[in-house]
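Those protein sequence lines, which keep their order, are chains S and F.
Per the working numbering: the first sequence = residues 848 to 964.
Per the working numbering: the second sequence = residues 130 to 244.
If you're looking for bench data, these hints aren't it; they were derived computationally from the structure.
In this text the structure is predicted, and so the values were computed from the model without any measurement.
Please note that the accuracy of each hint is not assured.
[What the hints assert, rightly or not] Sample of chain S residues at the chain F side, in silico, Cβ under 8 Å:
{"id": "1", "residue": "Leu892"}
{"id": "2", "residue": "Leu893"}
{"id": "3", "residue": "Tyr895"}
{"id": "4", "residue": "Asn897"}
{"id": "5", "residue": "Asn899"}
{"id": "6", "residue": "Met907"}
{"id": "7", "residue": "Pro908"}
{"id": "8", "residue": "Ala935"}
{"id": "9", "residue": "Phe938"}
{"id": "10", "residue": "Gly951"}
{"id": "11", "residue": "Glu952"}
{"id": "12", "residue": "Leu953"}
{"id": "13", "residue": "Gly958"}
Idealized CB from N, CA, C, for every residue including glycine.
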Amino acid sequence: DAGVIQSPRHEVTEMGQEVTLRCKPISGHDYLFWYRQTMMRGLELLIYFNNNVPIDDSGMPEDRFSAKMPNASFSTLKIQPSEPRDSAVYFCASSLALGGANTGELFFGEGSRLTVL
Amino acid sequence: AQSVAQPEDQVNVAEGNPLTVKCTYSVSGNPYLFWYVQYPNRGLQFLLKYITGDNLVKGSYGFEAEFNKSQTSFHLKKPSALVSDSALYFCAVRDPHGGGFKTIFGAGTRLFVKA
């Protein structure tokens, strides 16, 4: 299995521009998560999906952030307009549903490092 | 609401010595507890988990962790540290009864193993 695939790995943009981060979860996983990692705030859960449906978006910082999961193999996190304080590493993770031997550990992608100038 | 605390920003240990990375948690019910490791410029990797049963759980790379319900702790341990263990370690908690599938991470503890 290729694991969770994120793109781009690095993005440098200017304030006010739209940023779209992409994620392909592990095939067959039921849950998809978006996290943001910064030195100041650590790992923050932004939103998670179950079977393509957003379950909890309480961590999304503000209306500038939006996430979609149009199908089981693809999700996007969009920031519009971007601001310098959005600079961070954004991680996507996926997981199987609980049950049997599955206890819901997360499988992370390599992250997308965003720099907003 | 669930939360997790890692009281040490950094742990320093000599190669060959035992190591402990501390974690305490707060959930309303019985927690699911996890440890993850992050190497530079990489995503987090799962190390081990506690769901139920034996309080001592074993995971990858010789790591183990001890669940202590009375102290609400889940400390990560290894009997003999390696230089290659140097990384950022995260404790995580999920409240399967009250928090759904939300997994909350601690701030992380940086482990330095000196040769």
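Taking the hints in turn, this is what the structure says about them:
1. Leu892: 6 Å, holds
2. Leu893: Violated. Min distance 11 Å.
3. Tyr895: 6 Å, holds
4. Asn897: Hint holds; Asn897 of chain S Cβ to chain F Cβ min 7 Å, cut 8 Å.
5. Asn899: 14 Å, violated
6. Met907: 13 Å, violated
7. Pro908: 16 Å, violated
8. Ala935: 14 Å, violated
9. Phe938: Holds - the Cβ of Phe938 of chain S comes within 8 Å of chain F, reaching about 6 Å at its closest.
10. Gly951: 6 Å, holds
11. Glu952: 4 Å, holds
12. Leu953: Because about 6 Å separates Leu953 of chain S from the closest Cβ in chain F, which is inside the 8 Å limit, the hint holds.
13. Gly958: Check passed: Cβ of Gly958 of chain S comes within 6 Å of chain F, closer than 8 Å.
Going through the hint list in order, the structure does not satisfy hints 2, 5, 6, 7 and 8.
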